[in-house]
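Number of protein chains: 2
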Amino acid sequence: MCINYPIAIFLSSENTEILFVIFIIFLAAKLSAELFERLKQPAVVGEILAGVLIGPSVLAIVKQTDLTKVLAEIGVILLLFTVGLEIKPKALFQVGGRALLVAVLGIIVPFFAGWGLLALWGKPTIEAFFLGAAMVATSVGITARVLASLNVLNTQTSQIIMGAAVIDDILGLLILSVVSSMAKGSINYKELALTAFLSIGFTFFMIFLGAKIVNKTRPTVERLKIGDAFFIVGLVICLGLSFLASYVGVAAIIGSFLAGMALSEFSEDTNLHNKSGAVMEFLLPFFLVGIGLQLDLSVFKDTNVIVLTLLATLVAVITKLVGCGLAALSLGRQQALQIGVGMVPRGEVGIIVAQIGLSLGVMSSALYGVVVFMAIATTLIAPPFLVVLFKESKNVLTDETTEVVDSDKKLSVIE
Amino acid sequence: MCINYPIAIFLSSENTEILFVIFIIFLAAKLSAELFERLKQPAVVGEILAGVLIGPSVLAIVKQTDLTKVLAEIGVILLLFTVGLEIKPKALFQVGGRALLVAVLGIIVPFFAGWGLLALWGKPTIEAFFLGAAMVATSVGITARVLASLNVLNTQTSQIIMGAAVIDDILGLLILSVVSSMAKGSINYKELALTAFLSIGFTFFMIFLGAKIVNKTRPTVERLKIGDAFFIVGLVICLGLSFLASYVGVAAIIGSFLAGMALSEFSEDTNLHNKSGAVMEFLLPFFLVGIGLQLDLSVFKDTNVIVLTLLATLVAVITKLVGCGLAALSLGRQQALQIGVGMVPRGEVGIIVAQIGLSLGVMSSALYGVVVFMAIATTLIAPPFLVVLFKESKNVLTDETTEVVDSDKKLSVIE
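Going down the list, the sequences are from chains A and B. Last residue of the first sequence: 490 in the numbering used here, with the numbers rising by one and none dropped. Last residue of the second sequence: 490 in the numbering used here, with the numbers rising by one and none dropped.
Here chain A stands alone, though its shape is the one from the complex:
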């Protein structure tokens, strides 16, 4: 990207270029979102494709930088925070057993399928393990965004997906730790046990005690003199727990999601949700466009690589669908499908796994390209199906109820 700066001495030209990048990412995302809304397609897909369009593969106007990465990170942190605000810990706890089953099957099936695919392809075991690990990681951000835009976050299905995604992230992290350790030569079992303990402990602590502790602070928050105290305190807790989650070794978004849940009672009668949502709306495009920006089509010169990419993508879709769907089958075909599709997007998490593999020198740049394509393709495929599946379950109730009801609640209504 090259701009001719006439003078721009007051603020440096570097600053002007940063402002250009921020403007163009936001504009492209929103134009594309509008187009996709008009085509009755999910806006998230539009925003990711906007990233592909303005990114290195097509127009090459902008590329991913440290700055856009940080804006993306804050954007997805706030997304999971606002999603958490709509989910009560109790609701997540009630679906805990089912979510665990969905997460575990949704990890085992893709991991072995990914490993097996690359083993059959004649690649080294460690590279095959990394593909397996990349296949495991669910990008809950994309699904959460679609569920929120469909206004179905308060359904049992959504809660199972969100719960499974949290567990998936923790287990996926442990798998990645094992695989990375193997790549480095040896597994440090003590370190691994510590990661497991800290991440599981953090999550349990937040789910069981987070909301209780937060609710006790309510009178204090009400006495604060600063304006918008609930919003400010909410942001402090969100940022603090995102840091803490990242520090103990879980993804930052798990921290912000748990923070949101802990604050869910605050969001009922304050403007916390509304204001956090505004910040999220501003920053989320950097996350979505950022995913698209990472697509590099130049690796696909070799038929062999193209075939592997298509196979990997197919395996990635089918294995989550089958693994997670099977785990939820007793809830009915409709709900099992919703959950299966909801867990398909690999998004930024798959890409991060591939980046680690690349940086450890155990993943070839061709396979890196394969994983990035798989991660983005699964992220683009799932949302349209999710929309259709959730609209179907709404249509079962053919009256004018404005509230969205999933197939599960519907049963209780009929009873």
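Incorrect hints may appear among the rest.
No copy labels: a pair is met if it fits in one copy or bridges any two.
Simulated pairs of lysine to any residue, SDA-like, Cα-Cα distance not exceeding 25 Å [stated by the list, open to error]: (1) Lys265 - Val133; (2) Lys300 - Glu467; (3) Lys291 - Arg113; (4) Lys259 - Ala441; (5) Lys291 - Phe98; (6) Lys163 - Asp377; (7) Lys138 - Asn90; (8) Lys376 - Gly444; (9) Lys115 - Arg293; (10) Lys144 - Glu92; (11) Lys300 - Asn349; (12) Lys144 - Glu89; (13) Lys138 - Glu89; (14) Lys265 - Val311; (15) Lys144 - Val311; (16) Lys287 - Asn229; (17) Lys300 - Gln231; (18) Lys115 - Met257; (19) Lys300 - Ile456; (20) Lys144 - Gly315; (21) Lys144 - Ala223; (22) Lys144 - Ile99; (23) Lys144 - Val179; (24) Lys466 - Leu225.
Since the hints were derived computationally from the structure, they do not count as laboratory data.
Following the hints, complete the assembly by docking chain B onto the known chain A.
For chain B alone, coordinates are given in the frame of chain A:
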């Protein structure tokens, strides 16, 4: 700043550190703001001092980085945008002549005083010119924040201050261009004329036609399918004009301020102001803390430097007070004082001038320290006086009117 990362393999430790910096800046700013509110002092002062406290001079927990600079820049862009939303172009135009006078006298007096001070001190002419240029620059962000928190943006006084600040920025930029050119050896008059033309043209275009053009797009915005269309379109215009302003050579915040004014009619019956305000609340602490982070007390070992610093700060305060106050004296002593004090903060603009002087090699690091101290001190001194001065003019109307009325409107009420 050093954290021991236990494992943090999933997201890099770099990411964890960034999350820590974001968290700690936000937390420190808001704790300090709360403390200052309780002491009945302006929250902005608290947030800047929080930066001094956690910055290199005291606790050395964080320092200014490229990332915090960008967050600060977006924060102050959004601040000026939300301030602009509360001011109609017509209102600014009505006070245009007065604002021009305030700006011009508020430039001439400090420039020559700053130059004279350093000339008397026996410093080279070019270094003296740079101190003059640094004395010129008003940081409208601080005053705007205080005025907005006092809820007096719709008064004539505030409008004069805002108008004068815009003109001040344009003229200050031209002075900085001249001084920088002199430091480089020769003045490029053609380039200078182009800067002047572009920046004045841009400002006039926005003030006279911006709102008209924006208002014509209203039916289109209403037909958009994306959620929160007014907020999204508002952000696009804000970011686009910030970039454009920076591109033509004015400060980005002038672009966002003019964007806000152009959108002022949109903000009356939409949630544009509310949502933009939420984004601003999240990011502004990075701007305020960022100012404090830049204070480096280590240069003050030499009595000579300390004396010069105190003199420069005194001259900076008095010259704006006298220059701007004189220009507004016919409006009455009270309003003249409000305007004079309102133009005192030099904030980040003074620091930027010093940085340019330093980078051109014509300003010593000692004088750089002097200017930074002066810029921060003026920024800390003005807000408490502003609060008192505006409260006084409110108290003149002793009834229960909840709306804030300045001394000028009060007269028309009495008539």
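Tested hints:
| no. | hint | result |
| --- | --- | --- |
| 1 | Lys265 - Val133 | neither (46 Å within a copy, 38 Å between copies) |
| 2 | Lys300 - Glu467 | between (48 Å within a copy, 22 Å between copies) |
| 3 | Lys291 - Arg113 | between (45 Å within a copy, 22 Å between copies) |
| 4 | Lys259 - Ala441 | within (21 Å within a copy, 50 Å between copies) |
| 5 | Lys291 - Phe98 | between (42 Å within a copy, 22 Å between copies) |
| 6 | Lys163 - Asp377 | neither (49 Å within a copy, 60 Å between copies) |
| 7 | Lys138 - Asn90 | both (16 Å within a copy, 19 Å between copies) |
| 8 | Lys376 - Gly444 | within (11 Å within a copy, 56 Å between copies) |
| 9 | Lys115 - Arg293 | between (42 Å within a copy, 23 Å between copies) |
| 10 | Lys144 - Glu92 | both (16 Å within a copy, 14 Å between copies) |
| 11 | Lys300 - Asn349 | both (21 Å within a copy, 19 Å between copies) |
| 12 | Lys144 - Glu89 | both (17 Å within a copy, 12 Å between copies) |
| 13 | Lys138 - Glu89 | both (15 Å within a copy, 20 Å between copies) |
| 14 | Lys265 - Val311 | neither (32 Å within a copy, 50 Å between copies) |
| 15 | Lys144 - Val311 | both (21 Å within a copy, 20 Å between copies) |
| 16 | Lys287 - Asn229 | within (20 Å within a copy, 43 Å between copies) |
| 17 | Lys300 - Gln231 | neither (39 Å within a copy, 28 Å between copies) |
| 18 | Lys115 - Met257 | neither (46 Å within a copy, 59 Å between copies) |
| 19 | Lys300 - Ile456 | between (48 Å within a copy, 22 Å between copies) |
| 20 | Lys144 - Gly315 | both (19 Å within a copy, 21 Å between copies) |
| 21 | Lys144 - Ala223 | within (23 Å within a copy, 32 Å between copies) |
| 22 | Lys144 - Ile99 | both (15 Å within a copy, 20 Å between copies) |
| 23 | Lys144 - Val179 | neither (30 Å within a copy, 43 Å between copies) |
| 24 | Lys466 - Leu225 | within (9 Å within a copy, 48 Å between copies) |
Checked against the numbered hints above, the structure breaks hints 1, 6, 14, 17, 18 and 23 and satisfies the rest.
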